[in-house]
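Colleague: Listed below, chain by chain, are the residues.
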Amino acid sequence: MEKIKSYIETMGWPRVIIALFLLSMYVIAPFVGLDLGTSLSDTLIRFGMNAILVLSLMPMIYSGTGLNFGLPLGVEAGLIGAVISVEMGLTGVLGFWGAIIMAIPFAVVFGWGYSQILNRVKGGEMMIATYVGFSSVAIMCIMWLILPFKSQDMIWAYGGSGLRTTISIENYWQGALNSIFPMADKIPFGEMIFFGFLAFLMWGFFKTKSGLAMKAVGANPKFALATGVNIDKVRTKSVIMSTMLAAIGIIVYQQSFGFIQLYLAPFYMAFPAIAAILIGGASVNKATVINVMIGTFLFQGILTMTPSVINNLVKTDMSETLRIIISNGMILYALTRKGGK
Amino acid sequence: MKNKGKKFLINNIVPIVILIMIVMAIPISGLSGGYLVQEMISRLSRNSFLVLSLIIPVVAGMGLNFGIVLGAMAGQLGLIFITDWRIVGMEGILLAVLISLPIAILLGILGGYILNKAKGREMITSIIMGFFINGVYQLVVLYGMGNIIPMTNKKIILSRGYGIRNAIDLKSIRQVLDKSMVLKIGEFTIPLLTILIIGALCLFIVWFRKTKLGQDMRAIGQDIEIAKSAGIAVERTRILSIVISTVLASIGQIIFLQNIGTMNTYNSHEQIGMFSIAAILIGGATAAKASIPNALGGIVLFHLMFVISPRAGKELVGSAQIGEFFRVFISYGVIALALVLHQWRREQENKAERKKMMDMQLSGGEK
Amino acid sequence: MKTIAVRAGVILAMILLAIFLFISGKEHAIFLENKGEIYTPKNAYYILDGKKEVKIKKKKKKREYIKGIDHTIEIRFKGADGVEKKVVKEFKTKMGKKITINVAMIESDSWLKVEELKSKK
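Line by line, the protein sequences give chains A, B and C.
Residues in the first sequence are numbered consecutively from -15, following this note's numbering.
Residues in the second sequence are numbered consecutively from 2, following this note's numbering.
Residues in the third sequence are numbered consecutively from 687, following this note's numbering.
None of these hints come from the bench; they were simulated from the model.
Mixed in with the good hints, there may be bad ones.
As the list claims (entries may be wrong) - Computed footprint of chain C on chain B, listed as stretches where at least three residues anywhere in the stretch have a Cβ under 8 Å from a Cβ of chain C:
no. : region
1   : 82 to 90
2   : 95 to 105
As the list claims (entries may be wrong) - Listed below are the simulated BS3-like cross-link pairs for lysine-lysine, each with C-alpha atoms no more than 27 Å apart in a straight line:
no. : chain 1 : residue 1 : chain 2 : residue 2
3   : B       : Lys211    : A       : Lys106
4   : B       : Lys120    : B       : Lys315
5   : C       : Lys747    : C       : Lys784
6   : A       : Lys217    : B       : Lys352
7   : C       : Lys780    : C       : Lys737
8   : C       : Lys748    : B       : Lys155
9   : C       : Lys743    : B       : Lys155
Each residue gets a CB set at the ideal place from its N, CA and C atoms; glycine is no exception.
Bound-form chain A, shown alone (with noise of 0.2 Å):
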């Protein structure tokens, strides 16, 4: 009993409670009319889609830059590179490669100037990181319709200029990291194996020199300063990384949602990562990917799997309705949390 209890207490009472919560949701679907193993399959899709934006949050988190909010800058950074990459005419693999390739430029520059702004605001820096979040989608907006791009596939039909506000890349490369796996349409496991990568090399970094330098700068700045480390500087690259894994993690979601979305789409992107890698267990200064796994698996899981139990429960649609309090109501917990700040 104790053995039990000592385990919880490690594990959190949020986090039980939520998985507690997402178990008996997929114990119901069946009786009120949902397969258990779309369910399944659909969570573990959603899970492919947004770990690596999750995953993006972490490089901040532990150079105490605090959570990410700026998140939609590296996103549009990665829209960016996607959009270069159909007027290209980029398909498959290639495309999807290509996407992230020219992002990547965009994301380094915006990461970098982005930085300094944050270095400028140390202790006030999830305030402003979500206005430069939202301003930064205002520009690009402004961009989206006075950049010179070409394809038809993305410009307004009818002799419009500037591009569409959601485009498809059906023909392009929706489903390039699944396609040479079996069971594409069930399991994600390219884009489960390209997370893995990516987690792999987050886990090795931080084993380095300049990971754990990072992680010393976040936890303890004077320590740090101390032992000679550039605290401006090492801020400085994880908000690069940070930026340039939301520019890789749009680019993933892109190619499995099918569909490139411009505009105010970024807008609140950042909310739904920091609350899964909250819900995962993570502090405003301490992430692992252990956090980010089961982070994103809860929050999508709950996010798939409450509404469409609620909507056959009461035969109504109240999804998006219900995806408001979900999430929304999920951070306000995590955030009410004490313990790790």
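Please arrange chains B and C on chain A, whose structure you already have, making use of the hints.
Modeller: Same frame as chain A, but now just chains B and C:
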């Protein structure tokens, strides 16, 4: 003398920067001075109550209360009910306020309770809280009303039989406050009653600061631990500050909506949080200090920016759509700028503090 | 004990105020028609609660919205004998009751018709 000037500049850097931007943009936009003045008069009368409701939580150390959205939702629920019951005119407004009062108090208590559990990150928590309660509000208004909550006025219900329509015409209470007492100066129309009500709120805030409760809140805002050891019921007082702010916000939202005359059931309250906070930040307030001049001055600056930037954008670039996005960019960019400048100012203040301490230590502690 | 009494008092006052506002602020729809038994004026005019004068033609019906309980209506039209008539009457609107005023019959007792409102489903 030079130091004083420098201090003034640093203290008010945000409104000064914004003012410069505005002055540069006015000629580009091509809008006339008279038009702008009249616009500012209506926007002041429309928004002041809401923005002023942000002051008290700042005094109590709760930061910028994005949770005024909760108050706005309470006010809107009040308006939905009086529209359903067809109560009109001044009676309608008063009844809407009366109905939203208990709702606002409850939401304020809930909000305060949640924020107490998130000490140190109140602002970001209040943003998320706003989103969350918005979901609950949707649940009630989009699914509950007409269903579990009986509605009699079919005109405001969606065609599917339950749920409130996206936009409700408030013509029965439109401008009731504004038009009841009007002052005309030259070509400008001033809604006197509304201005008087706002004035009353200002007096209330000034008076409140001097009461024991107000002093308690200031103490908590300065240092929680010291306040606790002085015997102040910290948790309860913090919740009280949020309750007051939420109630004021619900009244403010009703004033706002009666001026506009239409309620966007699912949208009107969303932007209110962002815009009101943008306004008070631009007026020079910070998460730690906010005053009435900050609120009122901020409204003028923010709304000037709001009105001018799409026109300026359109004149510069030639597309109204781009002008719109430009306005969004400016609104959020300005908040980011204000927050950055505020943080920078805090750094300067801390540096000055530390220098003072060091100087005192060096000159030998004279006690 | 005293604070509970004060609070209860305040809540009671608020409820009473709410009820008062509800009743005095509620908008009612009333109907007017111009259909006389013996004589119907071609044009009749009425002023409800001091608002703008409205013309109602022979045999026509109108619907007006008025706020509160106590109302006055001022009606004028040219009688059968060509003489201008002006009558002022008072009436009350009640919840759940449909009121129809026949302006042509204003001089008789049957000018005001009060019916139970059929509940619409």
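Colleague: If a hint holds in the structure, say so; if it does not, say that too.
Modeller: Status of the hints after comparison with the structure:
For the region 82 to 90 of chain B, the assignment as covered by chain C holds, since 6 residues bring a beta-carbon within under 8 Å of that chain's beta-carbons and 3 suffice. Beta-carbon proximity to chain C at under 8 Å applies to 5 residues in the region 95 to 105 of chain B; the threshold of 3 is reached and the given coverage holds. Only pairs whose Cα atoms come within 27 Å are accepted, and Lys211 (chain B) paired with Lys106 (chain A) is rejected, the gap being roughly 34 Å. Note on Lys120 (chain B) and Lys315 (chain B): the hinted pairing is violated, with a Cα-Cα distance of about 44 Å set against a maximum of 27 Å.
For the suggested pair Lys747 (chain C) and Lys784 (chain C), the alpha carbons sit about 14 Å apart, so the restraint of at most 27 Å is met. Using a Cα cut-off of 27 Å, the hinted pair Lys217 (chain A) and Lys352 (chain B) holds, with the two alpha carbons roughly 22 Å apart. Simply put, Lys780 (chain C) and Lys737 (chain C) have alpha-carbon atoms about 20 Å apart, close enough for the 27 Å limit, and the pair holds. Taking the CA atoms of Lys748 (chain C) and Lys155 (chain B), the gap is near 21 Å; set against the 27 Å cutoff, the hint holds.
Taking the CA atoms of Lys743 (chain C) and Lys155 (chain B), the gap is near 30 Å; set against the 27 Å cutoff, the hint is violated.
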